[in-house]
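Visitor: Use the sequences and the hints to build the structure in full.
Residue numbers (our numbering), protein chains in the order written: chain A, 505 to 689; chain B, 3 to 456.
Please keep in mind that the hints were generated in silico from the structure rather than gathered at the bench. From the three backbone atoms N, C-alpha and C, an ideal C-beta is built for every residue, glycine too. Fair warning: there could be bad hints in the mix.
Chain A residues, not near chain B, derived (Cβ > 12 Å throughout) [what the hints assert, rightly or not]: (1) His522; (2) Ile524; (3) Asp561.
Keeping only pairs whose Cα atoms sit at most 20 Å apart, straight-line, the calculated EDC-like set for lysine to aspartate or glutamate is [to be verified]: (4) Lys551(A) x Asp285(B); (5) Lys551(A) x Glu623(A); (6) Lys551(A) x Asp61(B); (7) Lys18(B) x Glu547(A); (8) Lys23(B) x Glu536(A).
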Amino acid sequence: MAKLPSRREETLGGYIVHGIPFPVSTDEESLEFLKKMAPIQIEQEYKITYLHSYGQDSPWFAALTNKRLLASRDPESGYTTANPRGADMFSGAETKWIDITNAPAKVHAFTVCYFGSEEFLPDCPFVLALIEFEGVNTLLLTRLMGVDPAAPALDWIGMEVKPRFLRNSKLKPTDVYFAPASSEQ
Amino acid sequence: MRPVYAISGGVSKFAKARPDKTFQAVIKEAYDYAIEDIGLDFPTFTSVVDGSVSSYFSDHFARQLMAGIMAQDYLGLCPKPGHRVEGGGATGGICFQEAWKSVASGHMDVCVAYGFETMSHVETWKGNEFIALASDISFDYPVGGFYSGYYAMMVTRHMKEFGTTPEQLAHVSVKNYNNALYNSYAQKSQRISIKDVRNSPMVAWPLTRLDICVMSDGAAATILCSEEGLKKLEAAGAKIARPLVKVTGIGRGTDMMRMADRPHFDYETFMRDYATPQEQNSDETKVYYKKLWDHGTRYPGVHSFRAGRTAGNMAYKHAGIKDPLHELDFVELHDAYTSSEIQTYEDMGLCRYGEGGPFAESGKAFLPNVDYGLKLKDKPVCAVNPSGGLIACGHPVGATGLMQGVFAIWQLQGTIKKHFKADQLQVKNAKRGAIHSHAGTGTYVSISVLEREG
Chain A
505 MAKLPSRREE TLGGYIVHGI PFPVSTDEES LEFLKKMAPI QIEQEYKITY LHSYGQDSPW
565 FAALTNKRLL ASRDPESGYT TANPRGADMF SGAETKWIDI TNAPAKVHAF TVCYFGSEEF
625 LPDCPFVLAL IEFEGVNTLL LTRLMGVDPA APALDWIGME VKPRFLRNSK LKPTDVYFAP
685 ASSEQ
Chain B
3 MRPVYAISGG VSKFAKARPD KTFQAVIKEA YDYAIEDIGL DFPTFTSVVD GSVSSYFSDH
63 FARQLMAGIM AQDYLGLCPK PGHRVEGGGA TGGICFQEAW KSVASGHMDV CVAYGFETMS
123 HVETWKGNEF IALASDISFD YPVGGFYSGY YAMMVTRHMK EFGTTPEQLA HVSVKNYNNA
183 LYNSYAQKSQ RISIKDVRNS PMVAWPLTRL DICVMSDGAA ATILCSEEGL KKLEAAGAKI
243 ARPLVKVTGI GRGTDMMRMA DRPHFDYETF MRDYATPQEQ NSDETKVYYK KLWDHGTRYP
303 GVHSFRAGRT AGNMAYKHAG IKDPLHELDF VELHDAYTSS EIQTYEDMGL CRYGEGGPFA
363 ESGKAFLPNV DYGLKLKDKP VCAVNPSGGL IACGHPVGAT GLMQGVFAIW QLQGTIKKHF
423 KADQLQVKNA KRGAIHSHAG TGTYVSISVL EREG
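Guide: Structure, rendered in structure tokens:
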């Protein structure tokens with residue numbers, strides 16, 4: 505049986521305190537006593553909105569909003585990366601776009617995340633997968649749907665999958681995700 | 003390049019949180035320890051040291067830009083030269099090597115490398131988010147940025163290709179936590195079994211909480227010097243232990259930020275560009291690897307770290323090591339995950355690619371004087387993470403690689419008992435060891451070889 509947690513999760517938040525105990529006089533003995541004082545800890549909020557540019561990779565995101573999955577290919581060697589890459593890493597040449605929406609695809613590796621970073625905790629458990637495509641030299645990180653997160657199995661590796669696209673694009677790489685090719689559209 | 007000696011070090015005990023002190027004061031604990039260990043006082047050392055290199059990983063955790071200069075200031079090192087280095091999880095190891103460069107190049111005779119991280123200032127899951135920002139924020143992070151998830155995908159591939167099992171991973175956790183029972187610096191030490199590891203909460207299948215290191219607050223410092231620096235320090239009254247510990251090998255490698263972009267090289271490319279000389283010269287190993295490739299293995303894929311292999315090959319060539327398993331007495335390596343320790347056995351040539359799982363459970367990486375409650379097939383050959391590694395000691399990122407440097411210095415000086423207050427972890431007659439520092443999904447790796455003279 506799995507071990508049950510014996511401690512509560514710590515969270516920030518609490519009371520606002522006005523005034524902290526301090527010696528009434530600053531005589532030598534009192535000042536020396538301050539060395540025994542516990543540290544003061546305060547909360548500091550830090551929130552900022554960035555204007556993030558996808559730069560030369562923008563067409564890849566534009567394609568997702570139109571239910572197409574693009575890849576980058578070196579025109580000379582044909583070396584193809586599933587993630588967009590403006591310049592080929594071997595030749596240094598500018599790549600061209602190719603459409604791999606219908607390329608046969610399989611699960612190369614995966615995991616089920618039962619915990620996650622704070623932003624993704626509400627999604628847990630979720631399945632992360634690396635997808636391999638026929639005719640493509642590298643992989644694509646994605647979410648895998650249509651498999652049971654409570655029953656992960658190594659057999660998922662090699663499973664044929666197909667891309668699916670969000671109808672309401674968020675302009676994020678999660679606009680595309682994958683599901684078993686055998687599952688209903 | 004001039005000979006460089008690693009003469010002293012100090013570590014603040016890593017802890018879940020250190021609200022009692024600011025980061026500068028925690029660094030000073032490690033710094034003062036390193037100075038006192040060579041018998042100098044603060045002003046005297048200040049008069050001799052030429053400069054520094056500082057390391058910390060995340061401006062997000064510190065919420066302070068230019069934290070390095072604040073430490074330099076607190077340590078009384080201004081206006082001496084100094085700079086900060088950053089390279090993800092390998093930050094500490096890179097810092098150690100940058101200090102080595104400062105001395106080896108003749109720029110400094112005495113250089114102090116210090117590093118820290120304060121990870122307790124945010125809650126655990128926000129901390130995981132900060133760490134995940136060390137993945138591509140356009141393509142990787144938004145999909146579910148979580149380092150344990152990234153590493154768990156490597157594990158499933160390693161399991162599929164090589165037959166590695168979760169129980170083999172758990173051997174690493176049992177070894178490292180049990181070693182740490184004798185390390186007074188360890189953040190977490192506990193007597194655990196394979197069953198405990200597998201029964202602890204599942205984080206990212208198949209990695210459980212006990213397969214993964216924790217976040218920490220902490221600092222570490224090492225002092226490096228040239229022969230001229232030794233003379234200056236001793237003229238100032240330093241008592242430096244003999245035989246000396248010399249840095250004899252330096253290596254570094256890199257790989258793509260997006261794990262998905264890593265290449266999948268064929269057999270010929272692997273054998274030509276990445277195999278160790280030992281592997282290249284063994285017909286039996288060539289047959290073994292050919293068989294793997296015939297079954298679909300490609301290199302590095304997501305199961306291996308070519309940055310680690312590149313760093314190892316470079317450091318071994320520099321140090322004249324041909325058979326790392328038998329020519330290194332110990333390795334302190336970056337076990338952020340039990341699985342990454344197994345992957346690193348392979349990268350560092352302690353075993354062949356694909357054999358990390360059996361190697362983990364063989365006993366070759368264990369210590370002879372520690373009871374692990376396991377039946378191990380082989381006798382210890384090369385202790386891996388005798389300190390307990392990151393899994394047990396903790397991982398305040400900017401300090402971790404330097405902590406490894408400090409523990410390596412103490413192993414080679416034969417002073418583990420003095421510093422740990424127990425000698426079970428002292429590798430008997432340790433002559434040569436390596437420290438391995440690793441970032442991201444294998445993006446930066448540094449390996450340094452340290453050797454006892456004489």
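Visitor: A separate judgement is required for each hint: does it hold in the structure or not?
Guide: Going through the hints against the structure:
A cut-off of 12 Å between C-beta atoms confirms that His522(A) is not in contact with chain B; the least separation is 21 Å. For Ile524(A), the requirement that its beta carbon stay farther than 12 Å from each beta carbon of chain B is met, with the minimum near 15 Å. Some Cβ of chain B comes within 12 Å of the Cβ of Asp561(A); the nearest lies about 7 Å off, and the non-interface call is violated. Restraint check for Lys551(A) and Asp285(B): the C-alpha separation of about 59 Å exceeds 20 Å, so the hint is violated.
Between Lys551(A) and Glu623(A) the CA atoms are separated by roughly 14 Å; this keeps the pair inside 20 Å, and the hint holds. Distance check on the hinted pair: Lys551(A) and Asp61(B) sit about 15 Å apart at the alpha-carbon level, within 20 Å; holds. Simply put, Lys18(B) and Glu547(A) have alpha-carbon atoms about 18 Å apart, close enough for the 20 Å limit, and the pair holds. Of the pairs offered as hints, the one joining Lys23(B) and Glu536(A) holds, with about 17 Å between alpha carbons and a cut-off of 20 Å not exceeded.
In the structure shown, a violation is registered for the earlier hints numbered 3, 4, in ascending order.
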